[in-house]
Amino acid sequence: MTELTLRRSELDRARVLRLLQDYGVYAGVAVLILVNVVLTPNFVSGENFRTQAVQVAPVMIVALGMALAIGSQGIDLSVGSVMALSTSLLSLYLGYGPWIAVLVAVIGGMVIGLANGSLIAFIGVQPIVATLALMVAGRGLALVLLPQLKDVRDPGMATLGSGSVLGIPYLVLIAVALAIAVAFVVRRTTFGRQLLAIGDSRPAAQLAGLPVRRVLIIVYVVSGALAAVAGVIATARLTASDPTSLGTLMELSAITAVVVGGTPLSGGRVRIGGTVAGAVLIQLLTATLIKHDLPPSWTQIAQAVVIVAAVYAARERGKR
Amino acid sequence: MTAAPDAPGQPPPAQGTPALAVTSLTKSFPGALALDEVDFEARAGEVHALIGENGAGKSTLIKVLTGVYQADAGRVRFLGDEVRFGTPLEAQDAGISTIYQEVNLVPLMSVARNLFLGREPRNRFGLIDFRAMHLAADEALRDLGVRVDVTRPLRTLGVGAQQMVALARAVSVDARVVIMDEPTSSLEPREVATLFGVIRMLRDRGIAVIYVSHRLEELYEICDSVTVLRDGRVVHTGRIADLDRLRLVSLMLGREMGQVREEGLTKFSGDHAAAGEPVLQAEELTLSHMLHAVSVEVRPGEVVGLGGLLGSGRSETAKAIAGALPPESGRVLVAGSEVRTGSTPAAIRAGISLLPEDRKAEGIVPGLSVRENIALAALPGLSRFGLVDESRIDRIVDTFMERLRIKASSPHQKVGELSGGNQQKVLLARWLAMQPKVLLLDEPTRGIDVGAKAEVQKLIDELAEDGLGVLLISSDMEELVEGSDRVVVLKDGAVTAELTGDQVTEDLLMQAIAAPLPADAGDGAGTPPGPRKEAGDD
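Chain order of the listed sequences is A and B.
Per full-length UniProt numbering, the first sequence starts with residue 1, numbered consecutively.
Per full-length UniProt numbering, the second sequence starts with residue 1, numbered consecutively.
Just to be clear, a hint being listed does not mean it is correct.
Computed footprint of chain B on chain A, listed as stretches where at least three residues anywhere in the stretch have a Cβ under 8 Å from a Cβ of chain B [stated by the list, open to error]:
id	segment
1	194-201
2	280-287
Which residues of chain B face chain A? A partial, calculated answer using Cβ under 10 Å [stated by the list, open to error]:
id	residue
3	Thr344
4	Ala361
5	Leu376
6	Leu379
7	Trp431
Not close to chain B: a few residues of chain A, all C-beta gaps over 10 Å, as computed [stated by the list, open to error]:
id	residue
8	Val29
9	Leu39
10	Gln55
11	Leu145
These are computed hints drawn from the structure, not numbers from a lab.
Being a predicted model, the structure only gives us computed values, none of them experimental.
Every residue, glycine too, gets a C-beta built ideally from N, C-alpha and C.
Bound-form chain A, shown alone (with noise of 0.2 Å):
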């Protein structure tokens, strides 16, 4: 009898986890939302909603590539570094007309990723390693590029800065745009498809024939990709170029965004609605922490636990 009730409960325990880890995102959106809906002034407003979800817009972008990386049982930190290369690319060919300046910087994004992807395909790099290379790499090349900060005054780039249609501004549109075609990739495609299976046993994979090496480096390519257009939407927010600064710590806002959102380190399962959640998520939570006046080394200690508690769940549900 004991043992038959000890292992209903790790059977609950197991589930309480596993529901933790698949809806614990949307459950901790949830719940900010209401706690400040009631402690904060004037959070229920249309301002507030849309200065929370253009600033989360950028996160977000870069969050749907990682989610892909993380999901081949890789890793992209290079993705800060090609928002600077991106912002540097896009003051330096302004002067042809917005597109092609936005054109020439997510090509550069994803040269880079092309960069990563075959330094982990062809060669065997640790995507950890590969990427931490084009990291350093992609952000002196950014500087070389444009030493300095500079103004960005393009009525174009102002109009996607600041432009809204019905009340909802550009960039949040391009977010969920970009969030939904990646979904759609994910669950319905080929390469989706592929890049699960590679990312939970690719000595399976490359023996069953798929194409391992194409999958790869289409997913840094297109990591590398969103990063850069991630850049193009922060450089016109800012209405600057700044390679110094730009993107910096992103790969870890991204990363956390992702493992929060409930994708499995260890790969072979990519969320991208809990990604998008698990942005909002750190988003709601460092700004109510500011809101109510505490310093800003809360918010950090609030994101660690977040991402431990997050960690956790998945460890145990890695375990069975």
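Starting from the known structure of chain A, fit chain B onto it as the hints suggest.
Below, chain B alone, put in the same frame as chain A:
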């Protein structure tokens, strides 16, 4: 102060006294009894072969002896005293050194540092005394007949020399027992000769050597006594000279000579009408240390067995054909046209499918569902413009789940949660969905329960009847003999015999496996096996 390799902690035991002895050793893992009341004794000054097929319990025994595992019951006596090693370090400190298949040293450190890692000679400031260390290292290696620059990083040495360093380290820690786990698997013949010289030297010094290998020639050349394990039990122990090869093989495989079987217990129906041109031709596949000009042919509707002991190159042959191992030379042809070697996608496109030996690590994708696993390889064909056609997948998955009788709660259940037999069926379904021409099955029924085993065997039969060419690898003699129309026997990476028609019997297969290597190994293919009598056989 342990620099000198020959500094005796205690006098070496007299030749012939037990150095390491275990009695009634039992060790079980969840769901499996790995060692069942094992008695084993390694004497000082002898080389003792420890042999057995996969899962016989060799590794478990070694791990208990070296403190990696703790026994559930039984006693271990070392130099007469009862001991119980809690960790590998304890065993090593006591005087039991183990040399693993893969050299477990630090490749970037110098040879000398590797030799003295953790017990470096110190000068009076407590720092490493490099001069003394280099001298002692040089001496220790020269003692074993090896001359290398001890200041070079270990990785710049050849595998054989690295193995010697590992050996020198084992000896210089004042070992009484040295355990070697397949030490020759990556050595050149010349290096093997040097190794054997060293082993003989160790033996003459009164050290007990426990030698694990699957190469029969080596066993008879270097070992004095032998213990055969099977299914966790000792089935034989004694002097190796008193045991002829055939007897040794039959002990390992658990098949008696002369056992007559009209109707076996397997579900194979027997011969297939193999006809026409070969669907698979592998010609002279060569892979360093693993395969030497291996050639195999399979015709449509034919099941060709690959026989041989563990490590004979069976799995490597299958993997080389399937593109998973790139051969240095040789060709693979499917239905007469050459396939690019070393590329899994190319092999699969040509119609070759491999069911790998390590189902869990290389076969299934455990976190994905039954459905995704079945569709995995065929996915590009089931997609339009990169978008997955879900309804076509559903149809295929339903068809195969029914045809192969895959038992899962639903197609969406994770494959990792299924039983071994059902996992194997999922893998079969994955390949059948590709409509292959050739199936390479590496141990298709290992580790799955009896019922599922019979079902898988029946499926193999049906597939061959449908005209597929099947290459079957199995350590189960009965399965191999009853399932195959023809058996190609491999030994040390070369084809040594081929059994056809009436020759496909367990007796002849065992004789072929036990037969000594022909003097000219390259010419071994196609030699009729016959009941070749050998010198010491009576």
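These are the hints, each one checked on the structure:
1. 194-201: It holds: at least three residues are needed, and the segment 194-201 of chain A offers 5 whose Cβ sits within less than 8 Å of chain B.
2. 280-287: Violated, because only 0 residues of the segment 280-287 of chain A bring their Cβ atoms closer than 8 Å to Cβ atoms of chain B.
3. Thr344: With a minimum Cβ separation of about 5 Å from chain A (threshold 10 Å), the hint on B:Thr344 holds.
4. Ala361: 6 Å, holds
5. Leu376: 5 Å, holds
6. Leu379: It holds, given that the least Cβ distance between B:Leu379 and chain A is near 5 Å, below 10 Å.
7. Trp431: Because about 9 Å separates B:Trp431 from the closest Cβ in chain A, which is inside the 10 Å limit, the hint holds.
8. Val29: The assertion about A:Val29 holds, with a minimum of 26 Å to chain B.
9. Leu39: 41 Å, holds
10. Gln55: 34 Å, holds
11. Leu145: 35 Å, holds
Hint 2 from the list above is the single one not met by this structure.
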